[in-house]
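Novice: Sequence:
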Amino acid sequence: MTRHRLRRAHQRTSRIRPQTPLPASPPPTGHRQPPPRMLPATWSMRQSRSPPRAASRSAAPRRPRCRASPDGGSRATLFIGRPHGRRGCSLVLHANRQGSHAGSARIVLRSITPRAPMLEIQTLTDGGQTAGDVAHDVAAFLSAATTSLEMAFYDLRLDGDAETIVLGALRAAAARGVKARIAYNVDHPGPIPVPPPPTCNPEDVAALGVPARAIAGVPDLMHHKYVIRDGDAVWTGSLNWTNDSWTRQENVVVRAGSRDLAYAFTLDFEQLWSTGVVEGSGRVDPRPVEIDGNEVRPWFTPDHGEDLSHRIAKRLAGSRRRIRIASPVLTSGPILATMAEVAGEGRCDVAGVVDQTQVDEVFHQWRTNGVSEWKIPLLEAVLQKAPFSGKPSTPWSADGSVHDFMHAKCVVADDVVFVGSFNLSRSGERNAENVLEIESPAIADQLAAFVDTIRARYPTATVPATTVPKVTT
Numbered sequence: 001m002t003r004h005r006l007r008r009a010h011q012r013t014s015r016i017r018p019q020t021p022l023p024a025s026p027p028p029t030g031h032r033q034p035p036p037r038m039l040p041a042t043w044s045m046r047q048s049r050s051p052p053r054a055a056s057r058s059a060a061p062r063r064p065r066c067r068a069s070p071d072g073g074s075r076a077t078l079f080i081g082r083p084h085g086r087r088g089c090s091l092v093l094h095a096n097r098q099g100s101h102a103g104s105a106r107i108v109l110r111s112i113t114p115r116a117p118m119l120e121i122q123t124l125t126d127g128g129q130t131a132g133d134v135a136h137d138v139a140a141f142l143s144a145a146t147t148s149l150e151m152a153f154y155d156l157r158l159d160g161d162a163e164t165i166v167l168g169a170l171r172a173a174a175a176r177g178v179k180a181r182i183a184y185n186v187d188h189p190g191p192i193p194v195p196p197p198p199t200c201n202p203e204d205v206a207a208l209g210v211p212a213r214a215i216a217g218v219p220d221l222m223h224h225k226y227v228i229r230d231g232d233a234v235w236t237g238s239l240n241w242t243n244d245s246w247t248r249q250e251n252v253v254v255r256a257g258s259r260d261l262a263y264a265f266t267l268d269f270e271q272l273w274s275t276g277v278v279e280g281s282g283r284v285d286p287r288p289v290e291i292d293g294n295e296v297r298p299w300f301t302p303d304h305g306e307d308l309s310h311r312i313a314k315r316l317a318g319s320r321r322r323i324r325i326a327s328p329v330l331t332s333g334p335i336l337a338t339m340a341e342v343a344g345e346g347r348c349d350v351a352g353v354v355d356q357t358q359v360d361e362v363f364h365q366w367r368t369n370g371v372s373e374w375k376i377p378l379l380e381a382v383l384q385k386a387p388f389s390g391k392p393s394t395p396w397s398a399d400g401s402v403h404d405f406m407h408a409k410c411v412v413a414d415d416v417v418f419v420g421s422f423n424l425s426r427s428g429e430r431n432a433e434n435v436l437e438i439e440s441p442a443i444a445d446q447l448a449a450f451v452d453t454i455r456a457r458y459p460t461a462t463v464p465a466t467t468v469p470k471v472t473t
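Residue numbers (our numbering): 1 to 473.
Relax, there's no trap hidden among the hints.
List time: in silico DSS-like cross-link candidates among lysine-lysine, alpha-carbon distance up to 30 Å:
no. : residue 1 : residue 2
1   : Lys375    : Lys314
2   : Lys375    : Lys385
3   : Lys314    : Lys385
Pairwise CB distance ranges, derived in the manner of DEER restraints:
no. : residue 1 : residue 2 : range
4   : Ala456    : Arg347    : 20 to 26 Å
5   : Thr147    : Thr462    : 47 to 53 Å
6   : Pro211    : Ala398    : 24 to 30 Å
7   : Lys385    : Arg283    : 35 to 41 Å
8   : Gly209    : Ile376    : 44 to 50 Å
9   : Thr164    : Thr462    : 38 to 44 Å
10  : Gly209    : Ala465    : 49 to 55 Å
The set of hints was computed from the structure by calculation and includes no laboratory data.
Small disclaimer: the values here were computed from a predicted structure and weren't measured.
Heads up, the beta-carbon is just placed ideally off N, CA and C, and yes, glycines get one too.
Work out the full structure, taking the sequences as your base and the hints as a guide.
Specialist: Okay, here's the thing in structure tokens:
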């Protein structure tokens, strides 16, 4: 080999991302380890430091090629392929959507860097999109699967065209040989939280035609809403898979193309699948992943529930320009205390939106349970000293009435965003939840504008002068 070719070969191997194999030690008792694969050196299951990494071309697993949606429609589609030249694989989002829907906005972060993953944020508003619109987005994500789909849902109740579209995508995936599994929430024996848990119909789950596992809410809810596709892409956020969620609620969806991030979600899914209960899940260290030049840190509860609340509180306390919050309720002690202090001092531009109906119920519970009364002046201070709006949603009931909650769950602290399934509540710390902490000025700008748009639609949030009657079912 000539000296010139030797130099070229050295340059190519120096660009390869080193990886280390999974540790050989057995998984924790009672938890099944995912199938063997290469574990990025930034991830661990709280085991000892990995041995030194060796850079070699054979150490880097090949990325699968994702095919486009078979109907060739206007939905966004992910393509993973080899660009021109010798720079390796790259991930590019081709969004050829024709037109847009009011209230449904999205942002795509692109990069020309080789192997650059993708982040996409989609926001939904009450009445801003149809169930069919969202169903086509879901089908586009599912249709790109070539090997596997792992799904974890708190609430799954679709009907009409939305059900037909989603079931069609899942059945088509099965026909292609895609292996799918679904974990879903079932009622728990504890007190009814705010809002009450849904009844996930086993018949609806069975209609999907894939292996399913009911996850008992011990000690609290299995509140996830995520899909892992082919081990290299994730759909997550606050959006349940119901017709009301897709048409009458505010929500945020995150789609991310990242092998490292997908592996973190896979660890969480396997913990739920292997035990069938919430307790003991979320044992995934919140290690940062770089996605398109932005640091993304996945958090999972209940194992990291209290850590997550303190992390959000710390970011809020350090904010100097802006804070925007969308959450049905505000009951987490660390977050509530920090918000009361920041709003009281006028430290920065603070605003947010809550669900007024659920906030009223929270005040009632605090005034009667004799345990959380100390939080009342804190929440009063936040709502009275900062411009918060409250959506007057329909009280929850089991009689089939509309579920039109203010359901978005996001925090903007300067240029950092927390977004996922986690309500800013004490019960959220004990649930099975997931949150992405994203450092991105562009995404922070988008979600801050989203919160302000919602705030403008609803009246000022108020503190109930007297207790409200408890909702009975």
